[in-house]
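Engineer: We have chain U; now place chains W and D onto it with these hints.
Chains as they are written, first to last, in this note's numbering: chain U, 1 to 131; chain W, 1001 to 1131; chain D, 2001 to 2131.
Here are the simulated DSS-like cross-link-like pairs (lysine-lysine), alpha carbons at most 25 Å apart as the crow flies:
1) W/K1003 - D/K2003
2) D/K2003 - U/K3
3) W/K1003 - U/K3
Have a look at the derived ranges for each label pair, beta carbon to beta carbon:
4) U/G4 - W/R1122: 28 to 38 Å
5) D/T2057 - U/D25: 38 to 48 Å
6) D/L2074 - W/D1018: 19 to 29 Å
7) W/T1020 - U/M79: 40 to 50 Å
8) W/T1057 - D/Y2013: 20 to 30 Å
9) D/E2024 - W/M1079: 43 to 53 Å
10) U/T5 - D/M2079: 44 to 54 Å
11) U/L29 - D/E2073: 48 to 58 Å
12) U/D33 - W/E1080: 25 to 35 Å
13) U/E101 - W/D1033: 16 to 26 Å
14) W/P1075 - D/L2074: 21 to 31 Å
15) W/E1080 - D/T2009: 44 to 54 Å
Read the hints as simulated data drawn from the structure, not as lab findings. None of the values given here were measured: they were computed from a predicted structure. C-beta atoms are modelled at their ideal positions from N, C-alpha and C, and glycine is treated no differently.
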Amino acid sequence: MQKGTFSVTTTKYMELIDITGMVEDELHLAGVDEGVLVLFNPHTTAGITINEGADPTVRTDVIMALREIIPFELPFRHMEGNSPSHVLASLFGASETIFLENGRLQLGTWQKIYFCEFDGGRSRKVHWRCI
Amino acid sequence: MQKGTFSVTTTKYMELIDITGMVEDELHLAGVDEGVLVLFNPHTTAGITINEGADPTVRTDVIMALREIIPFELPFRHMEGNSPSHVLASLFGASETIFLENGRLQLGTWQKIYFCEFDGGRSRKVHWRCI
Amino acid sequence: MQKGTFSVTTTKYMELIDITGMVEDELHLAGVDEGVLVLFNPHTTAGITINEGADPTVRTDVIMALREIIPFELPFRHMEGNSPSHVLASLFGASETIFLENGRLQLGTWQKIYFCEFDGGRSRKVHWRCI
Chain U
1 MQKGTFSVTT TKYMELIDIT GMVEDELHLA GVDEGVLVLF NPHTTAGITI
51 NEGADPTVRT DVIMALREII PFELPFRHME GNSPSHVLAS LFGASETIFL
101 ENGRLQLGTW QKIYFCEFDG GRSRKVHWRC I
Chain W
1001 MQKGTFSVTT TKYMELIDIT GMVEDELHLA GVDEGVLVLF NPHTTAGITI
1051 NEGADPTVRT DVIMALREII PFELPFRHME GNSPSHVLAS LFGASETIFL
1101 ENGRLQLGTW QKIYFCEFDG GRSRKVHWRC I
Chain D
2001 MQKGTFSVTT TKYMELIDIT GMVEDELHLA GVDEGVLVLF NPHTTAGITI
2051 NEGADPTVRT DVIMALREII PFELPFRHME GNSPSHVLAS LFGASETIFL
2101 ENGRLQLGTW QKIYFCEFDG GRSRKVHWRC I
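Isolated chain U, as found in the complex (with noise of 0.2 Å):
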């Protein structure tokens, strides 16, 4: 089983950062071409989705949303302040699990992978193994 970690940077508050080229690259690198693959996000303000990918203003409009749904001014107890991006953490989950072909991501016609960031700007790290 081939596994690896990346990096990303993050530098807004909360922003959908597309890591669709790194995951591509990280398998390149590794020989992987066969398998499924997981991401996983070793962070509890952060999250991995994969979503729309041609438009840029789908995920700007994505984190307008979710800042909208998720509530900012509740008596929260947790001394840092940030337990709306803890939400949004569960919300979106840990990881992602995509499936590879002939050395390529399955994903359709206007997917890409989001790295989610919650509470940035940070940096921040993500797990693979392909299986």
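Structural biologist: Below, chains W and D without anything else, positioned relative to chain U:
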């Protein structure tokens, strides 16, 4: 590793469609009876989920709640006008993982697998692999 | 492929219970120390998530936020009256995937695994398999 793809036709704007039987048919035809099954949705305004199948009102109640949770009136910039559908795609996730034992899906008593349409009706696909 | 099932007893209507130690005990007893671990929740009003474990207020803050996000007063038709719990089950997802390396779960510094009870207290089960 066995794999396949099947089609799902949706007819409503937003709906949950029970695909448990389709998944079982695929596995039966492929002769797979043991392993870890991954279902992957290649669309950016759809998802896959597992929820109650006994009472059909659960799936309509879930859609009713989602339409209340997701904001539709924000100043979204994505010109296709379906940003709320993209948000739901990320909240539900593109894949589901289910165990397969002695030729049967190891689902709980009340669990069924649903294809989640968030911007239909459309012709959709589901990819699967069994590890 | 090694596998198992363990029980979780919940006592509150909605709560996150740290099951990291239970998962580690299961893997230790089964002698599994390398691979990709999948945890599966077979219930339709519960889930599994990964989030911060250092400060116990994070898990109560997450529950507080979810109860604010999910509508409870819609004209739901499901007669059991627990439609909000079913919505949360789908938003959190039925499974989590975690890497296992040298006998240790490859979780981030602050990450713990939580069983999510959304309609308790109940007696619940978690299935696992390690690939």
